[in-house]
Amino acid sequence: METTVTQLQMIPLVYYIIFCTALFTIGVVGVLVKRNALAIFMSVELMLNSANLLLAAFSAYRNDSSGQVFVFFIMVVAAAEIAIGLALLVVVYRSSRTIDINILNRLKW
Amino acid sequence: MYAIITISIVAIIVLFFGAFGKKKVILPIIFVGLPLAFIINLMGWNQSIHYFNEMYIDDNFAIAFNGVLIFITMLIFVFARVYYKSVKRPLEDIYALILFSLVGGLMMTAFGNLVMLFLGIETLSLSLYLLAGSKKSDPHSNEAAMKYFLTGSFASGFLLFGIALLYGACGSFNLEVIKQYVVQNQANIPAMFTIGLLLMAVGLAFKVGAAPFHFWIPDVYEGSPTLITTYMATVGKVAAFAAFFRLINASFSEVDFLWKTSLIVFAVATILIGNFAALYQDSVKRMLAYSGVAHAGYMLIAIIALKGNAAGVLLLYSVSYSIATITAFAVLMMVRKETGSFSIKSFNGLAKHNPTVAFAMTIAMLSLAGIPPMIGFSAKYQLFVSAIEQGQLPLVIIAIIGSMVSVYYYLRPVVAMYFTRSMVSEPFEAAKLYKKQILGMVILLLILSFIPGLIILLI
Amino acid sequence: MIIALLLILPLFASIFLFTGKTGQQSKNFAFLASLVLFAISLIGGYELIAAPEKALFFNMDLESILGVNLLFKIDAISIIFVILTTLLVPIIIASTDKKEHRTPHFYALIMLMQTALIGVFAASDMILFYIFWELALIPIFFITARWGGENARKISIKFLIYTVVGSFFMLIAILYLYTLTPAPHSFSFDSFYQLKLSYSEQIPLFLAFFLAFAIKIPLFPFHSWQVETYNASPVQGSMLLAGIMLKMGLYGIVRFLIPLCTDVVANGSLIFLPLILFGVIYGAVIAISQPHLKKLIAFASLSHVGIIALGLLSNSRYGIEGGILQMFSHGVNVVGFFLCYYMIVKRTKTDKISELGGIASVAPRFATVFMIIVLANVALPLTNSFVGEFLILLGLFSYNKILAIIAGLTIILVAVYMLKMYQQIMFGEKKASTENFIDLTFGEIMLFVPIIIAIFAVGIYPSFVLQLLQGVVK
Amino acid sequence: MVMESSPFMQSISFLLLLFPLLGFLAIGLSQKQINKKLSGIIASSFVFLNLILTFILFWYVSTTNQTVETNLFDWIKFANISIPFAITVDRLSALMLLVVNGVGFLIHVYSIGYMKNDEGVSRFFSYMNLFIFFMLILVLSSNYLMLFIGWEGVGLCSYLLIGFWYKDHANNNAAKKAFIMNRIGDLGFLIGIFMMFHTFGTLNISEVATKASVMPSGSTALLIITLGLFAGAIGKSAQIPLFTWLPDAMAGPTPVSALIHAATMVTAGVYLVARSSVLFVLSPVTMNLILVIGIFTALISGLIAIYQNDIKKILAYSTVSQLGFMFMALGLGSFSGAMFHLTTHAFFKALLFLAAGSVIHALNQEQDIRKMGGLRKKIPFTFALFAIGAIAISGIPPFAGFFSKEMILSVAYEHGMGMGIIATFISLLTTVYMFRLLFVAFYKPESDAVKANHHIHESPKVMLIPMALLALLSMVAGFIQIPALFSTNVNAFSTYLSPIFFSAHQLVPASGQNLNVLTEWLTLLIPLTIIAALVYISYIRFAKDRLSAELSGIQKVMANKFYIDELYDFCFVKPTEKLSLFFRETVDQSVINRLINTIGNATLYIGGRIRLLQTGNVGFYLIIMVFSIIAILFFNLIR
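Protein sequences appear in the order of chains D, P, V and Y. Note that the numbering used here has the first sequence beginning at 870, numbered continuously upward. Note that the numbering used here has the second sequence beginning at 114, numbered continuously upward. Note that the numbering used here has the third sequence beginning at 78, numbered continuously upward. Note that the numbering used here has the fourth sequence beginning at 4, numbered continuously upward.
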C-alpha cells in the first residue's frame, strides 16, 4: 500500500487533474455528440470514472483514505445506475424499436 | 437515522409481501410504518445527534425537513390508494421504490458529508428514474424515464466531478472541515475549489430544477404517471432544496461571492422561464410542471438569502408548495381518470357538479399564485422579506413580476371550472373516490394558512 | 372588541352561508348579519365621535403563529370607511331581486368581501393590510365572473390580473419600506410613519404606491379594466366595486402616500396632478356621448374619483378632508346610481339610453328618487357631494389656481352628461321598453331611503364628518 | 356695528325659510293624496305667511336700521374654515324679501287659476315653494357659500320648472341649457369664492367687505374675485355671452317665466353685485366690464326683441335687455338705481308675463303674436293690465318704470353725455318692442286663428286680481323715489338703501359733475317726446293689418338672434361631442385598451415563445446544460 502511494505520488498531481479533466471532457463531448443511448451511457460512465480517478489521486496525495472509500461507493452507484439505464433502454426499445435518443420528442413545449 | 432504518425495513417488508401477492396488507403496512418513522424522526428533536463520524447529522433542520418529507409521502400514499385502485397487481415494487427514494431524500436533508449527499441524491434519483417509467405500456412514461435518466446521470457526473475537485482542494468530504478550510483560505481560494463548488451547484441546480438546468422537468413531469409526478414535484424537489440549502449553509456561507451571482442568475431565469412558459400550456399537468420550475426559482431565493430565518422560510415554502401541489395534482388525477385528458378543457364546468373538488383546486391555485390569505402568500412574502433583508430588492422585484404573470395561468383552471359551460351533466364517478381525500387536503391547506409563523420558527 | 366583532362576524357569516340551502334564506341571513355589523360600526363611530383623537385598537401578537401581527386600529379616517362599508353592504344585499335566483354562495361571497373590506380599512399592519387588500379581490372576481353578463369571464380575468399586478407593486413598496425601518424591522404603520424618508427614497416608493393605487382607484390611464368590469359585473358586484372597493385605493393614498411621501406629494404634484386632471375631464367628456347607462356610470365614476384623488394629493388640508368626505359621498351616490340603473334594467331589460324614455310620466316616485341621486352626483349644494367637491377644489385652488379652474370644468361637464342622461331616460314620450314601467314598490323605496338620508345628512351637516377627521388629518 | 338681534326677529327670519320648505315637503311628499286645488292653496298660503313675516321684518329693519343675524348651525367647520348656516336680514335683503315674497305670492295665487287643468299641478306648486325657499336662502345668506346654495338651488328649480312639461324634449332641452349655462357662470362664482377665501380667509359677506375695504383699489385678488362673481351673475342674469338660455326658458309655464325668469331669480346677479358693492367698486376693471357687458346685452337683446313673434320670447328678450340696463347701472356705480329698477321691473315684468299668460290661457296656449290681433275687445281686462305694464316698462310717467329708469339715466348723464345717450337709446328700444307687441296682439285686426276660436274668454278672477295688484304696484311704486329734478325730498328708496352702499360710496368719490338744470330737463323731455313719437309710429306700423314685409339683411340677423345659438353650437357643443366620441372610440378603445391588452398579449406571446425552448430533444437539453456550465465557469473564473 505504502509503495503504491509513493509510486502514485511520483507523478505530479497536476497531471492527474489534467488527465481526469480531459477524460471528463471526452465523456461530456461523447454525451453531446452521440445519438445512440448506449453510447451515451458509456460516455456517462467515462465521466464518472474520471471523477473516480481524480478522487483516487487526491486520496493518494493526501494520504486520506476517505476518497478511495468514496470511489467504491461511486462504483456501486454507477453499477446500479447502469442497470437501471439498461432496463429503461430495453423498455424504450420495445416501444419504439430504436435507441436513438432523438426520437424521444413526444413530450415537448 | 432510525427513521431511515424504519422506512427501509418497511420497504423491504412491502417487497416481501408483494412477492407473495398479499395486496391487501401492503398499504396498511405502509400506513403504519410511515407514521412510525415520522414519530421516530421527531424523537430526535433538539438533540442534534451525529452518526457515523458526522456522515449523518440529525439536527433540527434535518428533522423538520424529514418530517415534511415523510408527511408528504404519507399523503402521496393516501392518493396512491385511490390512484391504483383498479390495478390488480400488488404494486409492491412501486411502493417500495417510493419508500426507498424517500430514504434517499432523508439522507439528503441530514448529510454531514459529501459522500452522504451523493448517496442520498443517487438513491432518490435512481428510484425516481424507475418510477417515472413505471407505466411501462405508456410511451410517454418511457420517454420521460429515459430523458430523466439521461439528463440526471449526466448531471450526476458533474456533481461528482465537482465533489472530487472540492475534495482535492480541501482534503475532506466533511462539511465542517470544508467550512474550516473556507474560513482559513477565504482570501485565496484556489480555482479548483471554485470549479468544484460551481459544478456541485450545477448538479444540485439540476436536481431542484433551476433554469437553465430545468429542461427535464416539464417533460418528465408530464410523461410520468401523475402520482409519481406528484411525488417527484414534492418530495424530490423539497429534498433537493434541503440538500442545496444545507450544503451552502454548512460550508460555503463565508464565500458567498463565489456562488451568489450564479444562483441569482439561476433564480431569475427560473422564475421568468417557469412562469412565462406556463402561460401557454393547454395541459394542466404540464402547466403545473412549469409552475414547479417557477417555484424552484422562488425557493432558490431562500438559499440566496441564507442568513436569518431563511431555513424556516424554506421550510414554510416547501410545505406550502408541496401541499398545494399535491392538492392540485390530486384534482388532476381525478379529472384525468374521468375525462382521460389533462387538457384544461376537461376542467370545464367542474364546479357545477363537483363543488368540493373545484373549491380544492381553487384554493390550491390561489395558494400557488401567492394570493392572500393562503399559505402560499405567507410563504412568498416571508421569502421576499428575508431576501430583502439581505439587500436583494431587485431579485424580489423580478420574483414579484413573475408572480404577476403566474396569476394568469393559475386562474385558468379556476375560470374553466367555475365559469365555463360544462361538458358533463353529472358528478364525476371518480369524484366519489377522491372527494374525501381532496377535502382533507383543503382543510390541511387552510389550517396551514393560519400557522405559517409556527412553521417558520420551527428551525 | 368592536374590531374583532367587525371582522369575525362577517367571516363566520360567510362560512355559514357557504353551507346555505336556499337563496332567499341566505339573503335574509346575510342582510340581518350586515345590519348587525352596521349597528356595531355605528357604536364604534359613536365612541370615536366622543373622542376624535383616539382610536379603537386591537392588538394580538400572533406573529409566531400567523406570521403576521394582528394589529388593527380604527381611527377617525378608518371609521368613515368602515361605516361606509357596513352601510352599503346591507343595501347591496337587499337589492338582489328574487327573480335573479342568487345562490347562497353569492351572499357568502359578499360577506367575505365585507370582511376583507373592513380588514383593509382597519388594518394597522402593512402585511395585514395587503392580505385583506388581495383577499377582497377573490370574492369580487367570483361574483363578476359567475353572475356577470356577457364576456364576464374574460373581463373578470383581466380585472383580476390588472389589479393584482397593481397590488404587487404595492407589495414591492411595502417590502422596500420594511427594509427602511430600523433594526428589528416592522410592518406596523406607526413604524413607517416614524421614518424620515429622504427625497430619493420617497420617489420609488411613491411610484410603486401610486401605480398600485392608480390601478385600483382607477385613475387615467389605468382605468380600462374599470369600465369593462362594471359593465360585465352583476349590479351588486358593480356596487361593491364602485361603492367601496375603489375607496381602498383612495384610502391607500390617504394612509400611505400622503404621510410617507410628503416631499414628493408636495413637490412633484405638478407632474401627476395634470395627468389625474386629464383623466377627470376625460371621463366626464366620454360620459357625454356614452350610449349605455352602466358605462356612463363607470366613466362618471372615473371622473369623480379622479377629483377625489386630486383633492387628496393637493397637499392641502381642505383637499384632504374634502377628499375623504367625498369618498364617503361618492360611495353612497354611486351605489344609489347603480340602484337606479338596476331598477331600470330590471324592468326594461335594456340599459341603452336611446331605447329608454318617458319613465317620469309612469313612475313619478322613481323619477324623484333618481333625480335626487342625479343631483347628488351633480354636486348640487345641500347634497353630499357639494361640500366635498367644494373643499377639494378649494384645496386645489390654494395649491394651483389653473389646475383648480380646469378641474372646475367638471362641474359643468357633470351637469351636461347627467342631465342629458336623465332627460333621455326619464323625460319625453314613453317608448316600447318603458310602456309598462312599474313605479317603485315599497321595498324598493326602502332601499333608497338610507341613501337619500345619507345624501342630505352629509350635505346639510358635513361638520359631523369633518370634525371627526380634524384630529387625524394633520 | 352688528348689534344683538332680537330673538323674535331671528325666529321670524328662520320661519321665512321654514315655511316654503314645509310647503315643498308637504306638497311634494304627498302628491297623490292632495287634490289639485288644495296644493295651490297650501303653497300660496305658505308664501302668504312669508309675506306677512316679510312685512314685519321690513318694518323692523327700516325703522331700527338694525341687522337681524341668525346663526342656525355650523355647516362646514374645521381647522380655520368656518362656514355657518347663518341668515342675515338687512335692508337690502329685506327689499329682496319684499319682492320675492310679494311678487311670489301674487304669482302663486295666479297659478292656482293658470295651472288648474294641468295634471302635474301639485308638482308645480311644490317646485314653486322650493324655489321660494332657495331664493330666500340666496337673499338671506350671510356668507357667500350659503348664497351659492341658494344660487344653485334656484337654478335647480328653474331647471325643473322650465322642463315642467317634460314630455316634449324641446322643453327639456331648454331646461338643460338653462342649467348648464348657469353652471358655467357658477364655476366663475366658485372661483371667486375660492379666491375670496384665499385672500380673506372668510366667506362672511360683511367680514369680506370690511377686509376688502382696506385693500388698494384694483388689486389682482379683487379683480379675480369680482370677475368670478360677475361670471356667476352673467350666467344667472342672462348677460352676454350666457344669455341665450333665458329666451329658451320660456318653455316653462308662464307663471314660472313671470316669477323666476323675470322678477326674481334672474335678478339675483344684480343682487349679488349690489351685495358685494365694496368689492366691485374697488375693482374698476370689473366695473367697466360690467358696464360694457350691460350695455351690449341691453342693446342686442333689445334689438332682437323687436323681431320676435313669440309673445313670451319678446318679453324674455325684454327681460334680458332690462337686466342689461340694470348691469349698466351697476357698472356706473349706481347700486341703488339698479336695485330700484330691479324692484319696479319685478312688478311690471311680472305683470306683463302674467298678462301674456292670460292671453295664452285665453287662446289655448297660442303664443305667436301673428296669430293674435284684436284681443283688445275679447279680453279687455287683460288688455288694460298689459297696457299698464307696457307703459310702465317703457318709462312713461308717472308709472314706476319712468322713475327707476330716470334714476339710472341721470347717473348715466352724470357720467358723460355719450353714456347718457346710449342709455337713453337702450331705454327707447323698450318702447319699440313693447308697443309693437301691444299693437300687434291687441289692436291689429283679428287673425284667422282668433276668428276661428270661439272660446276666447277672460281669465278667472283668481288670475286677474293678482295681476291687478301688480298693475297697481307698477303704477305707484315709482313715487317713493322721485327724480331730484322735481323734488329733493322724496327719495325714500335711496335713503333706505344708503346704509348698505354707504361703504361702497365711501370708497369711491362721487364721480359726476352735477349737470345743470336745463340739460337735465332736456334729457328728461327729449326721450319722452321720442317715446311718444315711437308709440305713434308703432301704432301706424303695427296696428293696421299690414302683412309684415320680408325680413332682410340685418333684420334677419336680428330675428335669428344674431345666430348666437348656432355659434355656440358650432364652437362648444359640437366640438365637445366630437371630443367625446374621439375619446370614447379612439383614445379609450384603440389606444389605452389596446395598449393594455397588448401588454397582456405580449406576455402570452413571450410565454408561447419561451415554451418553444423546450424542444423535447434530450440532446438539445444536454447541450444547453453544458454551455450554461461553461458560461458559469467562465464568468466566475475570469474575475
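These aren't lab readings, by the way, just hints derived from the structure by calculation. Backbone N, C-alpha and C fix where the C-beta goes; we use that ideal spot for every residue, glycine too. Some clues are possibly wrong.
The calculated DSS-like cross-link candidates involving lysine-lysine, where the alpha carbons are at most 25 Å apart (straight line), are [to be verified]:
1. Y:K464 <-> Y:K380
2. P:K545 <-> V:K98
3. V:K176 <-> P:K465
4. V:K497 <-> Y:K581
5. Y:K80 <-> Y:K119
6. V:K372 <-> V:K478
7. V:K98 <-> P:K548
8. P:K373 <-> P:K458
9. V:K131 <-> Y:K80
10. P:K458 <-> V:K176
11. Y:K464 <-> V:K497
12. V:K507 <-> V:K423
13. P:K465 <-> D:K977
14. Y:K464 <-> V:K426
Derived DEER-like restraints, expressed as beta-carbon distance ranges [stated by the list, open to error]:
15. V:K175 <-> Y:R612: 30 to 38 Å
16. Y:A495 <-> V:A343: 54 to 62 Å
17. Y:P578 <-> V:S431: 19 to 27 Å
18. Y:P578 <-> V:I530: 35 to 43 Å
19. P:L570 <-> V:N136: 31 to 39 Å
20. V:I479 <-> P:G504: 55 to 63 Å
21. V:T99 <-> P:G504: 54 to 62 Å
22. Y:A562 <-> V:I479: 36 to 44 Å
23. Y:R612 <-> D:I880: 45 to 53 Å
24. V:T99 <-> Y:A605: 25 to 33 Å
25. V:S141 <-> D:P881: 54 to 62 Å
26. V:K508 <-> Y:K119: 25 to 33 Å
27. Y:C574 <-> V:L257: 48 to 56 Å
If you only want the chain Y side, here are some residues facing chain D, beta carbon under 10 Å, derived [to be verified]:
28. I309
29. N312
30. L616
31. T618
32. G619
33. G622
34. I626
35. V629
C-beta pair Y:P578, V:S431: status relative to the range 19 to 27 Å that was hinted: Holds: the Cβ-Cβ distance is about 22 Å, inside 19 to 27 Å.
Take a quick look at whether V:K98 and P:K548 sit within 25 Å of each other, Cα to Cα. holds (21 Å)
Given the hint that P:K373 pairs with P:K458, does the C-alpha gap stay at or below 25 Å? violated (42 Å)
Does the closest beta carbon of chain D sit nearer than 10 Å to the beta carbon of Y:I626? At about 6 Å, which falls below the 10 Å cut-off, the nearest Cβ of chain D leaves the hint on Y:I626 intact, so it holds.
For the hint on Y:N312, just tell me whether its beta-carbon gets within less than 10 Å of chain D. The hint is violated - Y:N312 has no Cβ within 10 Å of chain D, the shortest such distance being about 80 Å.
Closest C-beta approach of Y:V629 to chain D relative to 10 Å, hint status: holds (6 Å)
Should the hint that V:T99 and Y:A605 are 25 to 33 Å apart at their CB atoms be regarded as holding? Given about 47 Å between the Cβ atoms, the range is violated.
Interface hint check: Y:G622, Cβ to nearest Cβ on chain D, cutoff 10 Å. Holds or violated? OK, holds: Y:G622 within 10 Å of chain D, min 6 Å.
Range first: 48 to 56 Å. Now tell me if the beta carbons of Y:C574 and V:L257 are that far apart. The hint (48 to 56 Å, Cβ to Cβ) holds, given that Y:C574 and V:L257 are roughly 54 Å apart.
Classify the hint on Y:T618 as holds or violated, based on whether any CB of chain D lies nearer than 10 Å to its CB. This interface hint holds because 6 Å falls under the 10 Å limit.
Restraint check for V:K497 with Y:K581, where alpha carbons must lie at most 25 Å apart: holds (16 Å)
Could you grab the alpha-carbon distance between Y:K80 and Y:K119 and see if it respects the 25 Å cut-off? Given that 25 Å is the threshold and the Cα spacing comes to 46 Å, the pair is violated.
Checked against the numbered hints above, the structure breaks hints 5, 6, 8, 10, 11, 13, 14, 15, 19, 20, 24, 28, 29 and satisfies the rest.
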